[in-house]
Amino acid sequence: MTMTAAVKAILANYESDSPGTKANLARILMQGRLGGTGKMIILPVDQGFEHGPARSFAVNEPAYDPHYHFQLAIDAGLNAYAAPLGMIEAGADTFAGQIPTILKLNSSNSWAMTRDQAVTGSVDDALRLGCAAIGFTIYPGSESFFDLVEEIRELSLEAKSVGIATVIWSYPRGGDLSKEGELALDVGAYAAHMAALIGAHIIKVKLPSDHIEQKDAQKAYEGTDWSKQSDRVRHVVKCCFNGRRIVVFSGGAAKGADAVFQDARDIRDGGGNGSIIGRNPFQRPREEALAMLDRLVRIYKGEE
Amino acid sequence: MTMTAAVKAILANYESDSPGTKANLARILMQGRLGGTGKMIILPVDQGFEHGPARSFAVNEPAYDPHYHFQLAIDAGLNAYAAPLGMIEAGADTFAGQIPTILKLNSSNSWAMTRDQAVTGSVDDALRLGCAAIGFTIYPGSESFFDLVEEIRELSLEAKSVGIATVIWSYPRGGDLSKEGELALDVGAYAAHMAALIGAHIIKVKLPSDHIEQKDAQKAYEGTDWSKQSDRVRHVVKCCFNGRRIVVFSGGAAKGADAVFQDARDIRDGGGNGSIIGRNPFQRPREEALAMLDRLVRIYKGEE
Amino acid sequence: MTMTAAVKAILANYESDSPGTKANLARILMQGRLGGTGKMIILPVDQGFEHGPARSFAVNEPAYDPHYHFQLAIDAGLNAYAAPLGMIEAGADTFAGQIPTILKLNSSNSWAMTRDQAVTGSVDDALRLGCAAIGFTIYPGSESFFDLVEEIRELSLEAKSVGIATVIWSYPRGGDLSKEGELALDVGAYAAHMAALIGAHIIKVKLPSDHIEQKDAQKAYEGTDWSKQSDRVRHVVKCCFNGRRIVVFSGGAAKGADAVFQDARDIRDGGGNGSIIGRNPFQRPREEALAMLDRLVRIYKGEE
Amino acid sequence: MTMTAAVKAILANYESDSPGTKANLARILMQGRLGGTGKMIILPVDQGFEHGPARSFAVNEPAYDPHYHFQLAIDAGLNAYAAPLGMIEAGADTFAGQIPTILKLNSSNSWAMTRDQAVTGSVDDALRLGCAAIGFTIYPGSESFFDLVEEIRELSLEAKSVGIATVIWSYPRGGDLSKEGELALDVGAYAAHMAALIGAHIIKVKLPSDHIEQKDAQKAYEGTDWSKQSDRVRHVVKCCFNGRRIVVFSGGAAKGADAVFQDARDIRDGGGNGSIIGRNPFQRPREEALAMLDRLVRIYKGEE
Amino acid sequence: MTMTAAVKAILANYESDSPGTKANLARILMQGRLGGTGKMIILPVDQGFEHGPARSFAVNEPAYDPHYHFQLAIDAGLNAYAAPLGMIEAGADTFAGQIPTILKLNSSNSWAMTRDQAVTGSVDDALRLGCAAIGFTIYPGSESFFDLVEEIRELSLEAKSVGIATVIWSYPRGGDLSKEGELALDVGAYAAHMAALIGAHIIKVKLPSDHIEQKDAQKAYEGTDWSKQSDRVRHVVKCCFNGRRIVVFSGGAAKGADAVFQDARDIRDGGGNGSIIGRNPFQRPREEALAMLDRLVRIYKGEE
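Residue numbers (the numbering used here), protein chains in the order written: chain A, 4 to 307; chain B, 4 to 307; chain C, 4 to 307; chain D, 4 to 307; chain E, 4 to 307.
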């Protein structure tokens with residue numbers, strides 16, 4: 004497939020990266036039904052780690068099989084599939100070359116006693132499994148934030164040196180943050196900005212509310228109407244180097260399909276690059292999931 | 004011995020592994036009286052570390068000698084022998100090539116003040132001792148869980164790079180878990196799933212009870228009858244990548260032989276791959292142990 | 004451009020450094036409108052990390068774009084541009100060779116719970132991005148001071164081995180220091196001296212007040228009139244190996260332009276080497292910022 | 004000297020070790036007046052670290068000189084001399100080839116605030132000083148036990164890779180252990196067993212009392228008469244892989260010569276390999292010490 | 004200069020060291036007016052780190068310049084100059100070959116909250132700066148003692164491997180030690196002995212008082228009259244391997260010249276190797292300092 008102008012424009016923003024890393028970003032951007040549009044949908048499946056297998060998969064039994072998710076992402080025409088080590092190992096050969104994979108390198112679980120994650124994989128794993136990118140979660144605001152940053156800066160440097168891209172999940176939590184504050188606009192924009200500052204190629208955050216959490220930040224936000232979600236998306240994108248970095252938003256817990264579609268329209272209208280959406284599709288029957296993903300693709304294509 | 008279809012099918016699930024690692028898994032799967040069936044019995048002897056020598060061996064004095072255990076595993080026609088560094092060193096040459104060994108790389112002891120283990124060996128040790136696999140214990144739920152995960156992910160990556168398989172003992176304990184919860188079905192299935200996610204080739208868990216520990220998991224389990232042990236085994240196997248990983252179950256403390264045999268039948272009927280059984284055989288006189296192991300072999304062969 | 008006598012004299016003080024490191028110091032000293040004078044103005048933009056993007060850039064929207072700052076530093080004829088990893092990555096290629104860059108290797112943020120910073124980059128990053136220097140913050144007096152020192156001593160040794168210069172931001176805080184004490188003359192001079200002792204090429208401190216914080220230091224300061232800011236600057240410079248190290252002073256929070264100009268005159272008159280000034284210019288409209296920086300340049304040239 | 008059958012039998016138990024490591028064990032076993040018997044006496048001098056120089060040497064002033072101890076061990080016809088780094092450095096060249104040395108790699112001191120030791124040397128030190136073995140203390144039961152184990156497992160792996168033997172001092176203390184329990188039979192046997200499990204070639208423990216400390220271990224010990232010290236020695240030896248590892252016992256604080264001799268007879272009769280005895284000889288005048296060591300040698304030779 | 008018999012005798016005690024390390028010890032022993040006598044005076048200037056620049060240098064303003072101290076040590080005919088990284092860097096080229104330098108590798112400061120020091124340099128720094136030795140402070144008795152020991156054992160091993168000597172400052176403090184106890188004879192002798200045990204070539208301690216701090220050590224000291232300072236020096240020297248290691252004593256805080264001279268006579272008469280003396284000379288005007296050092300040299304030469 005010939006590289007489109009939209010993708011060329013995005014890649015040009017990664018001006019310090021090696022051809023190898025750009026090629027892996029291009030693999031993701033040129034994959035699937037959104038290939039070439041500059042938009043992307045990524046299927047992440049790390050809920051087995053976070054919530055356990057039964058809570059994740061009992062509702063849709065075929066999803067216990069790692070191959071199910073590879074196939075779902077391929078059949079839906081998505082851009083990439085992201086999962087922890089074992090999940091990727093279990094399908095890396097069968098689906099080699101069929102869809103770019105993102106190896107999620109750290110994970111938490113239901114019993115975690117700190118706002119931290121365990122590192123569960125390495126750049127060497129990503130290389131041997133043919134992954135296009137590594138994924139990593141940071142918790143801005145938590146007591147482990149500095150440690151998480153120091154872990155990803157080493158992994159990311161190593162990844163860049165071998166031409167692998169870096170995706171950072173930036174989830175504010177812990178410390179002085181209120182529960183509401185974890186989703187606040189100022190907090191989410193700050194979290195996205197820090198992911199950009201530590202060198203992420205793709206930044207993944209939650210859709211922010213119109214709450215402003217930090218007192219010191221009130222002044223910078225007042226006088227603007229933040230009630231429209233698309234405006235909030237646009238602000239987050241601006242906070243990622245004025246749109247020089249790819250920003251995708253997560254869908255959150257499984258919810259009504261209509262809400263999912265509206266989120267996607269807001270992401271699109273606000274200039275976001277797409278969605279990372281996991282539980283919503285894989286906790287539905289495959290046909291329903293394919294239908295939902297088809298509609299999301301069409302939304303990002305501007306077809307509805 | 005020609006590779007059987009059953010073993011070929013199992014090995015095919017380890018699709019990201021090198022021929023070297025697959026060969027070591029095959030060594031275990033093709034060994035002994037269960038060789039080729041896809042079932043396995045492993046003799047583990049780390050109780051000297053966990054409980055001290057007298058509590059472990061006084062009841063059967065020949066068991067003080069490391070050679071005793073190698074010979075017992077060989078004579079009973081088992082698939083592998085697992086033990087800590089010193090125990091393997093003491094027989095590695097005498098029994099070289101007679102039975103695959105699993106070097107247990109971490110251990111706790113009676114005086115441990117935290118839910119943690121000390122690393123007592125390395126992949127280099129496994130190589131020089133000709134081991135087919137490394138073994139490692141993790142404690143999901145404990146305050147040391149992240150540290151344990153980060154230790155095994157490094158050891159496992161190194162092992163895979165030199166063609167050695169990884170066996171993970173996944174024992175939930177500590178933290179918010181109740182004593183009953185350590186054996187709960189949801190907890191055990193979660194623990195097994197996490198072992199798969201961090202890259203284990205063989206997963207070792209305890210036989211779960213029908214208790215459901217986690218509130219958030221109740222919904223996923225309700226509406227199903229979990230009273231049969233074989234069904235619980237089947238659920239755990241499903242949680243290990245829908246059966247794409249070898250799962251073996253431990254026999255627990257020495258108990259009546261009948262209970263041991265019933266456990267094995269349930270493991271077999273539920274689709275488990277076999278037993279790791281230590282104290283039950285080696286704390287009995289050798290002839291009784293051989294008789295017990297003979298019967299277990301026949302159960303796994305479906306002969307009774 | 005031919006090296007001036009003023010710059011040659013400064014470089015001669017770095018007698019243990021390699022030609023490579025001296026060449027990078029020379030790149031900074033010979034750059035821009037102050038090139039060759041021995042004075043320098045550096046534009047630092049790490050407020051996005053420290054305060055978040057909106058608090059930093061909302062007041063001057065073009066500043067959300069990393070290219071804005073490169074261009075501002077170039078157009079104003081400054082000596083160098085300092086920023087964290089992502090900010091440098093985003094413009095390193097476009098502006099390659101147009102202005103020396105300083106890669107800031109550690110950063111804090113609004114939610115930090117300790118007087119510490121996370122390491123966010125490496126000397127390898129500085130090399131691949133073509134930076135002339137690395138930057139690093141230490142907090143004398145804080146509970147993390149020893150750790151920070153041990154981090155920079157490793158980074159600095161590595162940087163010197165590849166010909167990259169080291170800039171240390173030395174900010175006393177925490178521990179027994181009073182709020183007023185953080186800006187005290189004795190404390191600031193001590194902080195600058197320690198930066199010199201651990202091997203900094205360029206030392207960055209805040210302009211000190213005439214307060215003397217430490218009881219034990221009172222005697223050394225009494226009998227001298229410290230009311231003039233230029234005299235305090237001269238004392239700090241003397242504490243940096245009697246002027247053998249380059250010392251620059253920060254402008255602090257955005258304030259009135261007149262105060263900024265007076266500070267620069269005092270720095271110049273006290274023998275300081277210049278200013279690191281960030282928020283004051285980039286939180287003003289570009290034309291105002293250029294006017295302010297133009298006047299600062301003229302002050303350091305002794306033209307007003 | 005031709006290798007004796009007794010020594011050949013012992014070396015055969017170290018079946019996983021390289022010829023280099025066996026040669027160093029042989030050097031110790033074939034040295035001095037007990038050379039070839041399979042018994043050994045080792046002179047350890049680390050009391051300067053543990054108790055300070057005056058408490059250690061003032062009672063016998065020539066002992067302040069490191070050469071004194073080398074010469075004493077040689078003149079008494081002992082098998083090896085063990086000491087910390089500086090003590091070995093101070094005589095390594097003068098006495099090179101005259102007696103095998105054991106470099107003690109960790110030490111505590113009178114002011115230690117935890118049940119831990121500082122690592123004070125390395126395998127590289129042992130190599131450059133021509134040592135036959137490294138020595139290391141572990142404290143089973145203490146809060147530092149896991150750390151100590153992880154330190155020695157790395158040092159021991161490295162030592163084995165260069166043909167140097169490992170001697171482990173296994174001293175239970177701290178945690179839940181009572182003072183009496185530190186010398187209990189079950190505790191001492193457990194401590195010796197763990198030293199064997201982590202790969203020691205030579206295990207050094209204290210002579211155990213007939214106290215049984217652990218409730219859970221009572222059953223394993225009841226019904227046997229443990230009042231004879233030689234029987235307790237035999238039990239400890241059995242717990243070291245049924246006699247497949249060399250076990251030596253310490254003499255404890257300086258005491259009456261008759262008690263020392265009786266201890267040696269019990270060690271010999273119980274199948275122990277010998278004594279590590281320091282303060283008893285070097286805190287006596289040289290002639291008395293030589294007489295004491297002469298008698299110990301004769302006891303181990305079965306001559307009295 | 005031909006090597007003298009006195010120096011040859013000292014070097015012979017360093018029997019395990021490489022010719023490279025001995026050559027660096029010889030450089031120090033053969034330097035200056037005491038060259039060849041076996042005695043030495045070292046000028047240490049790390050007070051800027053410990054107390055800050057103004058408290059250290061305001062009393063003698065030329066001392067703010069690092070070159071001042073190099074020149075003072077050269078002009079006074081001393082044996083070596085010791086200072087932290089930045090101080091050595093600032094003069095290493097100008098004074099190359101004129102006086103041996105000792106790179107002080109760790110330092111504390113006025114705000115330290117623990118009895119610890121930060122590592123501020125490396126053996127690689129010592130090599131590139133042409134230093135004859137590294138210097139390192141340990142705090143026997145403090146909660147950080149084990150960490151400090153483990154740091155210096157690694158640095159010292161590395162230094163020995165490249166032919167650089169090791170000087171250890173051994174300063175008891177913290178923990179259970181009383182203020183008076185930090186200077187007690189038994190404590191100082193113990194501290195000196197531990198420095199020898201961990202492999203120091205030159206040991207630096209404070210002149211001890213006649214107080215005996217440790218109850219357990221009383222017996223070893225009773226019955227001897229310790230009222231003469233020279234006898235206490237002799238005891239410390241004996242505790243450093245019976246005089247096989249070079250021992251120098253510090254002058255403490257600036258004090259009256261007569262006390263300084265008497266200390267030197269006592270050190271000389273007790274068999275100590277000399278003084279490390281900093282504040283006393285550099286906090287006096289240069290001419291006074293030269294006169295004081297001249298007299299110290301003459302005392303060590305036995306000329307008064």
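Calculated directly from the structure, the hints in this document are not laboratory data.
Some hints could be false.
Distance condition first, Cα-Cα at most 20 angstroms in a straight line; then the derived SDA-like pairs of lysine to any residue [as the list claims (entries may be wrong)]:
hint: 1; chain 1: C; residue 1: K222; chain 2: E; residue 2: E53
hint: 2; chain 1: C; residue 1: K218; chain 2: E; residue 2: D96
hint: 3; chain 1: A; residue 1: K222; chain 2: C; residue 2: E53
hint: 4; chain 1: B; residue 1: K304; chain 2: B; residue 2: D78
hint: 5; chain 1: E; residue 1: K222; chain 2: D; residue 2: P65
hint: 6; chain 1: C; residue 1: K11; chain 2: E; residue 2: S111
hint: 7; chain 1: B; residue 1: K222; chain 2: A; residue 2: A99
hint: 8; chain 1: B; residue 1: K25; chain 2: A; residue 2: T97
hint: 9; chain 1: A; residue 1: K218; chain 2: C; residue 2: K218
hint: 10; chain 1: B; residue 1: K222; chain 2: A; residue 2: D219
hint: 11; chain 1: B; residue 1: K222; chain 2: A; residue 2: E53
hint: 12; chain 1: C; residue 1: K258; chain 2: A; residue 2: Q286
hint: 13; chain 1: B; residue 1: K25; chain 2: A; residue 2: A99
hint: 14; chain 1: B; residue 1: K25; chain 2: A; residue 2: L132
hint: 15; chain 1: C; residue 1: K25; chain 2: E; residue 2: K258
hint: 16; chain 1: D; residue 1: K218; chain 2: B; residue 2: D78
hint: 17; chain 1: D; residue 1: K222; chain 2: B; residue 2: N63
hint: 18; chain 1: B; residue 1: K218; chain 2: A; residue 2: A115
hint: 19; chain 1: A; residue 1: K218; chain 2: A; residue 2: N245
DEER-style ranges, computed between Cβ atoms [claimed, not checked]:
hint: 20; chain 1: C; residue 1: G133; chain 2: A; residue 2: M116; range: 50 to 56 angstroms
hint: 21; chain 1: E; residue 1: K258; chain 2: C; residue 2: D213; range: 28 to 34 angstroms
hint: 22; chain 1: B; residue 1: E146; chain 2: C; residue 2: L293; range: 53 to 59 angstroms
hint: 23; chain 1: C; residue 1: A12; chain 2: E; residue 2: Q101; range: 21 to 27 angstroms
hint: 24; chain 1: D; residue 1: E64; chain 2: A; residue 2: M116; range: 55 to 61 angstroms
Quick caveat: nothing in here was measured; it's all calculated off a predicted structure.
Ideal Cβ placement from N, Cα and C applies to all residues, glycine included.
Hints, verified against the model:
1. C:K222 x E:E53: Given that 20 angstroms is the threshold and the Cα spacing comes to 17 angstroms, the pair holds.
2. C:K218 x E:D96: Roughly 37 angstroms separates the two Cα atoms, so the pair is violated.
3. A:K222 x C:E53: 17 angstroms, holds
4. B:K304 x B:D78: 17 angstroms, holds
5. E:K222 x D:P65: Since the Cα atoms of K222 (chain E) and P65 (chain D) sit roughly 18 angstroms apart, the hinted pair holds (cutoff 20 angstroms).
6. C:K11 x E:S111: Given that 20 angstroms is the threshold and the Cα spacing comes to 34 angstroms, the pair is violated.
7. B:K222 x A:A99: 36 angstroms, violated
8. B:K25 x A:T97: 16 angstroms, holds
9. A:K218 x C:K218: Status violated; Cα separation ~37 angstroms.
10. B:K222 x A:D219: Status violated; Cα separation ~43 angstroms.
11. B:K222 x A:E53: 17 angstroms, holds
12. C:K258 x A:Q286: 55 angstroms, violated
13. B:K25 x A:A99: 19 angstroms, holds
14. B:K25 x A:L132: Measuring from Cα to Cα gives roughly 16 angstroms; hence the hint holds.
15. C:K25 x E:K258: Roughly 42 angstroms between the alpha carbons, so the hint for K25 (chain C) and K258 (chain E) is violated.
16. D:K218 x B:D78: Violated. K218 (chain D) to D78 (chain B) sits at ~35 angstroms, over the 20 angstroms cutoff.
17. D:K222 x B:N63: 13 angstroms, holds
18. B:K218 x A:A115: 16 angstroms, holds
19. A:K218 x A:N245: This hinted pair is violated, its Cα atoms lying about 24 angstroms apart.
20. C:G133 x A:M116: 50 to 56 angstroms: 44 angstroms, violated
21. E:K258 x C:D213: 28 to 34 angstroms: The hinted range 28 to 34 angstroms holds for K258 (chain E) and D213 (chain C), with Cβ atoms some 32 angstroms apart.
22. B:E146 x C:L293: 53 to 59 angstroms: 56 angstroms, holds
23. C:A12 x E:Q101: 21 to 27 angstroms: Given a distance of about 23 angstroms, which is inside 21 to 27 angstroms, the answer is holds.
24. D:E64 x A:M116: 55 to 61 angstroms: 57 angstroms Cβ-Cβ, so the 55 to 61 angstroms window holds.
Checked against the numbered hints above, the structure violates hints 2, 6, 7, 9, 10, 12, 15, 16, 19, 20; every other hint is satisfied.
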